[in-house]
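On the provided structure of chain C, position chain B as indicated by the hints.
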Amino acid sequence: MRTHWGKTISTVLIAALVLGGCGSGTNANKNASEGGGVSEVSKEGFPIVQEPVKLKAFTRIAPVNGPFKDMPVFQDYEKMTNVQMEFIESPTDGFAEKKNLLFASNELPDIMYRSAITPLEAVRYGAGGQLIPLENLIEEYAPNLKKLMEEYPEIRASITTPEGHIYTIPGIVTLDSARTDKRWINTAWLEKLNLKVPETLDELYNVLVAFRDEDPNGNGKKDEIPLTARTGLPIVAAMSGSFGLDQQFGYNVNIVDGKVEIWMGNERNKEMLMFLNKLYQENLLDPEIFSHTEAQYLAKQGSGNTGVFFDQTNNNFLPIADQYTGIAPFEGPHGDRLQSQGAPVPRDQGAFAITSVNQYPEVSMRWIDYFYSDEGSTLLRFGREGEHYELVDGKPTYKPEFSTAETQPKLTPYAGGGAPHLISEYVASYINPPQVQEAQKALDPYMPTIRYAAPMFDEETAQKVNVLRNDIDKYYEEQSTKFIAGALSFDKWEEFQSTLKKMNIDELQQIYQDAYDKMAK
Amino acid sequence: MNNAEIHETAAAPRFRAKRGSRLIKQIAKRYDLYLMLLLPMAWYLLFQYGPLYGLQIAFKNFNPGKGILGSSWIGFEHFQRFFDSYYFWRLLWNTLSINLLSLILAFPIPIFLALLINEMRSKSYSKLLQNITYIPHFISVVVIVGILTVLLSTNGPVNMLIHALGGSEIRFMESAGWFKTIFIGSNIWQNMGWQSIIYIAALSGINPQLYEAAKMDGASRMRRIWHVSLPGIVPVIVILLILDIGQFMNIGFEKILLMQNNLNLEASDVISTFVYTTGILKGEYSYTAAIGLFNSLINLTLLLLVNRFARKTSETSLW
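Line by line, the protein sequences are chains C and B. Letter by letter, the first sequence follows residues 1 to 521 of my numbering. Letter by letter, the second sequence follows residues 1001 to 1319 of my numbering.
Looking at chain C on its own, in the form it has when it is part of the complex (with noise of 0.2 Å):
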């Protein structure tokens, strides 16, 4: 009896324990990580601490990368910095979901890299307290990236809260050709069709139609793609500027001598809608636009046979990149005639952050920081000097072996986009070819003076903000995915312009008005 009972007893502790476990675990983090003195932090130089420090930081591994471990860039920077960077790799699939469940879970890592915080996010967790303020980490412990912001106010604007705090870094593109995706155009099929380059809406559609029945690939079927581009809504983002719809504040966004105008219901919107349903429906408009993946959008660039499509460079056509030409927007039936589509200087938003439990606040700035300077990013970008890159004509350019789509992503983390460094013409010899900065001069003249980066709210308004724009995104997107492919008459307009007006969107509006006013002044 007496042995039954101490069995009993010690599988009910067993059982503790083990549940009990799971929720320990970060404070025995914390308790370890304790200890190392901030004090020794240099302010410059490597390394940046005399004694190891270990951090950890979560992050997004793209599929076409490998092991962050295993790149070179942070092999030879944990040497530099004594500086042990532990990296929780979430792949892209599912890699929102994961990031919103750490903070959920509040169970943090030191460091948020490559982690795409939305402004939303940064005030929600930053006014909770899980993200720290940056501001004066920034002010003492990254000359790179203040001297970015001095250079470039846009990046501080868009990064402050109106309560004055940092959350999130920005990954800073100071290249224009980095921020547009260029109009690409198959010369190739022009040329055999002897047709021009089109320069007004019209002279495309017929360009398209042209495309879709004259057999310009010469196989004597009908199997051309006239027109494609990314799943989804990106081809209103590409198509809109023709209409005289910019897309500031990385929004269906107007700004008219300050005036700020959301036009989800303006009747410009419903001319394009229309513009873009009538190629669908004609088949001008790659069927498959709602439905492929990205997978299948890159390969249908790689296949040649696609007569107008839009991407950032030509890495993925690049073996028969000779037969495609970056062109500028088309003149729309009002005459307008602007690139809306591009990115601002702070590209990628809340690519890094510093979290409450990261004892090393300092460390981890000054960790972050070098990649804002040339010399950091190409280390991060190109590797080894020598190894796997060389400068050519005083510019870090890979060497053959490095320069392939298998090779590339497995050396540098900036493959798939979205990570924190800076983006300078200096560090950019892949992505901004000769082909790709002829086709950036062409879309040149018809960008915009300036260009928002999505506003900061503070912590209530960022809620308004969030509830809102929780309805009327889903209810745009849905509806003019609808309208596009004619699945829904145009004679519902009027109803979509009084459901929007219904949820709100004059609210909405003019919280994006106040945000405004307040930048300008």
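None of these hints come from the bench; they were simulated from the model. Backbone N, C-alpha and C fix where the C-beta goes; we use that ideal spot for every residue, glycine too. This list has only true hints and no planted wrong ones.
Chain C stretches covered by chain B per the calculated footprint, using a threshold of three residues with CB under 8 Å from any CB of chain B:
#1 103-111
#2 471-483
Not everything, but these chain B residues come out facing chain C in the computed CB check (under 7 Å):
#3 G1065
#4 L1265
#5 I1280
#6 L1281
#7 G1283
Leaving out everything else, chain B in the frame of chain C:
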């Protein structure tokens, strides 16, 4: 889940009578059985009752940084927001209609299949039929949706057939009108064999003498099915129906999510997928906790109603 409940209800009165030290002795004597109970109980406490504590965030403005206790109460605001939402009626209608249709269309089919297999004279044929019908159950949802997409795409085999027969192409996966048909149809295909197994087992438990007696009385095959087979499995049918209702508002989440796109959202937007996209992907925990709670309440109401109805009409029920 039933095991635990049955244990509790069956065991409780006996122990209450004995009380105190005798209870402890009783437990000590049967300690191995209680140890076996420990794990399922821990599972229940941890994963079923533990999360109940978190439900309070439906009435709070939850901020993970402040924790569940630290967040401020705001009452029924999230519920109000949901009821006022443009999507409320659509979500409710889709959730109810998809599940109700599934129930009406998909529930009887495994029963028919079981009766059919039971009546087959050739054992090898019936085994073959059984195998063919239950194998799809083992294919993962992701693969099923992949297969559907390939089969039903604009240049897939189904549309090629329609073309060959002179019809014009149908965008199955991209139209709201087809969504429910495809969803429920493929569900039936996938699950009928698996679900029929339990009925086949029940049928094989019917006393053969009943059939012989019916035969002697001159009952035809259909008569025998109607008067012997069906009544024999009615209790199983009722229990399974009630269990199905217990899952009523939640079935098909993964599959619906995978099949969802902007063009069929009108028909495919259901509460569970809405909770996922708004709650987890956009971080609106409180709001979606409220929606989830509302969903569960509907489900609980349905379950109670059906159970009561079953008890009154067929004398078979869960409790």
